[in-house]
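J.: What follows is the residue order along each chain.
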Amino acid sequence: MYFFVEKKRVVVILLISVVAVWILTALTPPLTNPPSTGEFDGPDSVQRIFKHACYDCHSNNTKLEWYHQVAPLSWKISSDVLEARRHLNFSHWDSLSAADQRSKVWYAVNMIEQGKMPRRDYTLLHPSAKLSERELKVLKNYIVTITNVSSAQPKKQMLKPVVVHTSKESPNGIQYFSDYLTWKVIVATNRFDNGTMRIIYGNDIAVKAIQEGNINPWPNGAVIVKVVWDEGEQDEDGNIYPGDFNNVQFMIRDDERFKRTEGWGFARFNTSQLIPYGKDVSFEVDCMNCHRLASANGFVFDIPTKMQ
Amino acid sequence: MCINKISYILLMVLLSLYMQACDRKSNFQVSPEDLYESKDLHVITTWFNDRRQTISVLYGNEQATQVRETGITMHQVGEHYTLVTWHQQGNPLWFGGQISGRIAWIEQVDIATSASGAIEPQYNVTYHERADSISGTALEQERINYILSRKKIGHPGV
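If you're matching them up, the sequences are chains A and B in order. Quick note: to get the numbering used here, add 179 to the position in the first sequence (first position is 1). Quick note: to get the numbering used here, add 1 to the position in the second sequence (first position is 1).
Read the hints as simulated data drawn from the structure, not as lab findings. Hints may be right or wrong, so weigh each one.
Unchecked claim - Taking beta-carbon pairs under 7 Å as the criterion, some of the chain A residues facing chain B (in silico):
1) Arg281
2) Ala287
3) Met290
4) Lys363
5) Ala367
6) Arg370
7) Thr375
8) Gly422
9) Phe429
10) Ile431
11) Val464
12) Met467
13) Cys469
Stated by the list, open to error - Here are the simulated DSS-like cross-link-like pairs (lysine-lysine), alpha carbons at most 25 Å apart as the crow flies:
14) A:Lys295 to A:Lys458
15) A:Lys242 to A:Lys186
16) A:Lys230 to A:Lys319
17) B:Lys40 to A:Lys458
18) B:Lys40 to A:Lys295
19) B:Lys40 to A:Lys485
20) A:Lys316 to A:Lys485
21) A:Lys363 to A:Lys230
22) B:Lys152 to A:Lys387
23) A:Lys242 to A:Lys255
24) A:Lys387 to A:Lys363
25) A:Lys255 to A:Lys295
What the hints assert, rightly or not - Taking CB as the label site, the calculated pair distances span:
26) B:Gln30 to A:Pro209: 41 to 51 Å
27) A:Pro306 to B:Asp41: 49 to 59 Å
28) A:Thr361 to B:Met75: 25 to 35 Å
Just so you know, these numbers come straight off a predicted model, no measurement behind them. Quick reminder that beta carbons are idealized off the backbone N, C-alpha and C, glycines included.
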């Protein structure tokens, strides 16, 4: 008798659960695939790689299995796909400028190389989405090629110092300052993906953190400043000198003030006029999303490192 | 059947959360020995060379920095220049980026007075592969001329 009562109770609970899941699923707006306005138009070999590794989330051609449409899993998938499309949508490729297209592809390839994309929870169910070393090489060759073509133009040499007109403030309240001119150089860098060269300065707290390997997390008060110039003239020995001043970027460590961006406050001032970057404070989230690639270095890309 | 489906979905949610917690282990470490202790020197300019795979930063003391800024060609006793050259390496966190690695050599030029009272640049190079090959040669004068002809880079606000 007891056995039958228990069995009945289990069946009732199961029925209620199934009905609940069915109602939740029915009430959840389905994830749709809006029409494409203009697909990514790279070489076939590159398109094939993006299609099998990225398109399920980063395009309007998302292929859903039956279980993807069952709540509560459907909520997570829907939210992930919509967020992915906001970052990069290969179905609206035509809405991006040529520079933005290059920048998006560089970022995508770096996400793949760092093992951040495709996401592991996705490749677990879609193992064919994993990229082979050969496929990654195809993508790297492609981005280097498109970058070399776009940068094949005469380079300028800047001789006049830039001038600041007034004090400048980023949307998050960080003001431009020039104290870093007396700080130590942490590293010097250059990037062939965008034709710039940089000097990265650190204040005493940042330098001490590097010296002690204390960068995960960096201590409060650490400040890192990156000064960026366009690549300028090249001499006959192959030395490439700075051209026009491009921008200056600040990273300020304060884990209370900048809680939502992992404790880092970002600011960037463009051109010799030092025009603050970002229409509103949300620009910080974009900065942080990119800097997540450098999570191993406490979210800082440019510090001295060596292979283990 | 229903139990199987629900178990499957729950399993996927748990696995998804677990996999997001994982991160790729980095194969590099911080190398503070590659920082250059510039003390009171200021940056004059920087350049890089893809053929030699090097990145350089030229520093100067206050006097040298002012001279480089104004473009004065006559040098004054007391000017000091330090040119630090690092090996260039790929940035492990960004394909497309190159970054200074190990310090390759350090060259210094001091504007001093010779025994006869004339103004004379004195050259010194330390560290690694070029330490013994430049001093006292024609190349030494070439390096002095090269270092002293660099112009100051434009920084915002300067």
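J.: Confirm or reject each hint.
T.: Verification of the hints:
For Arg281 (chain A), the suggested interface contact is broken, since its CB lies about 10 Å from the closest CB of chain B, more than 7 Å. A hinted interface residue such as Ala287 (chain A) counts as satisfied when its beta carbon comes closer than 7 Å to some beta carbon of chain B; here the least separation is about 11 Å, so the hint is violated. Here the hint on Met290 (chain A) is broken, as its CB sits about 10 Å from the closest CB of chain B, past 7 Å. At its closest, the beta carbon of Lys363 (chain A) sits 6 Å from a beta carbon of chain B; the interface hint therefore holds under the 7 Å criterion.
About 5 Å separates the beta-carbon of Ala367 (chain A) from the nearest beta-carbon of chain B, less than 7 Å, and the hint is met. At its closest, the beta carbon of Arg370 (chain A) sits 5 Å from a beta carbon of chain B; the interface hint therefore holds under the 7 Å criterion. Evaluation of the Thr375 (chain A) hint against chain B yields a violated restraint, the C-beta minimum of about 10 Å exceeding 7 Å. Of the supplied interface hints, the one on Gly422 (chain A) is violated, with its beta-carbon coming no nearer than about 10 Å to a beta-carbon of chain B, more than 7 Å.
The closest approach between the C-beta of Phe429 (chain A) and any C-beta of chain B is roughly 12 Å, which is over the 7 Å cut-off, so the hint fails. With a cut of 7 Å, the hint placing Ile431 (chain A) at the interface with chain B is violated, because the nearest CB-to-CB distance is about 17 Å. A distance limit of 7 Å between C-beta atoms decides the matter here; for Val464 (chain A) the minimum to chain B is near 18 Å, and the interface restraint is violated. Interface restraint check: Met467 (chain A) against chain B, minimum CB-CB distance 15 Å, threshold 7 Å, status violated.
Contact between Cys469 (chain A) and chain B, as hinted, is not supported at the beta carbon level, the nearest pair being about 10 Å apart and thus beyond 7 Å. A threshold of 25 Å between alpha carbons decides the hint, and for Lys295 (chain A) with Lys458 (chain A) the separation of about 28 Å lies outside it, so the pair is violated. With a C-alpha separation of about 39 Å, the suggested pairing of Lys242 (chain A) with Lys186 (chain A) is violated against the 25 Å cut-off. Between the alpha carbons of Lys230 (chain A) and Lys319 (chain A) the distance comes to roughly 16 Å, so the proposed pair stays at or under 25 Å and holds.
For the hint linking Lys40 (chain B) to Lys458 (chain A), the alpha-carbon distance of about 39 Å lies beyond 25 Å, and the restraint is violated. Restraint check for Lys40 (chain B) and Lys295 (chain A): not satisfied, since their Cα atoms lie roughly 39 Å apart, outside the 25 Å limit. With a CA separation close to 24 Å, the supplied pair Lys40 (chain B) and Lys485 (chain A) stays within the 25 Å bound. At roughly 23 Å between alpha-carbon atoms, Lys316 (chain A) and Lys485 (chain A) fall within 25 Å of each other, so this suggested pair holds.
Pair hint Lys363 (chain A) plus Lys230 (chain A) does not hold up; C-alpha atoms about 45 Å apart against a cutoff of 25 Å. At roughly 31 Å between alpha-carbon atoms, Lys152 (chain B) and Lys387 (chain A) are farther apart than 25 Å, so this suggested pair is violated. With a C-alpha separation of about 15 Å, the suggested pair Lys242 (chain A) and Lys255 (chain A) falls inside the 25 Å cut-off, and the hint holds. A hinted pair counts as satisfied when its Cα atoms are at most 25 Å apart, and Lys387 (chain A) with Lys363 (chain A) qualifies at roughly 11 Å.
A C-alpha spacing of about 18 Å is found between Lys255 (chain A) and Lys295 (chain A), which places the hinted pair at or below 25 Å, so the restraint holds. Restraint check, Gln30 (chain B) to Pro209 (chain A): a C-beta distance of roughly 48 Å satisfies the suggested window 41 to 51 Å. Between Pro306 (chain A) and Asp41 (chain B) the beta carbons are some 58 Å apart, a value that agrees with the proposed interval 49 to 59 Å. Remark: the range hint 25 to 35 Å for Thr361 (chain A) to Met75 (chain B) is upheld by a beta-carbon distance near 27 Å.
Hint compliance for this structure: hints 1, 2, 3, 7, 8, 9, 10, 11, 12, 13, 14, 15, 17, 18, 21 and 22 are not met, and every other hint is.
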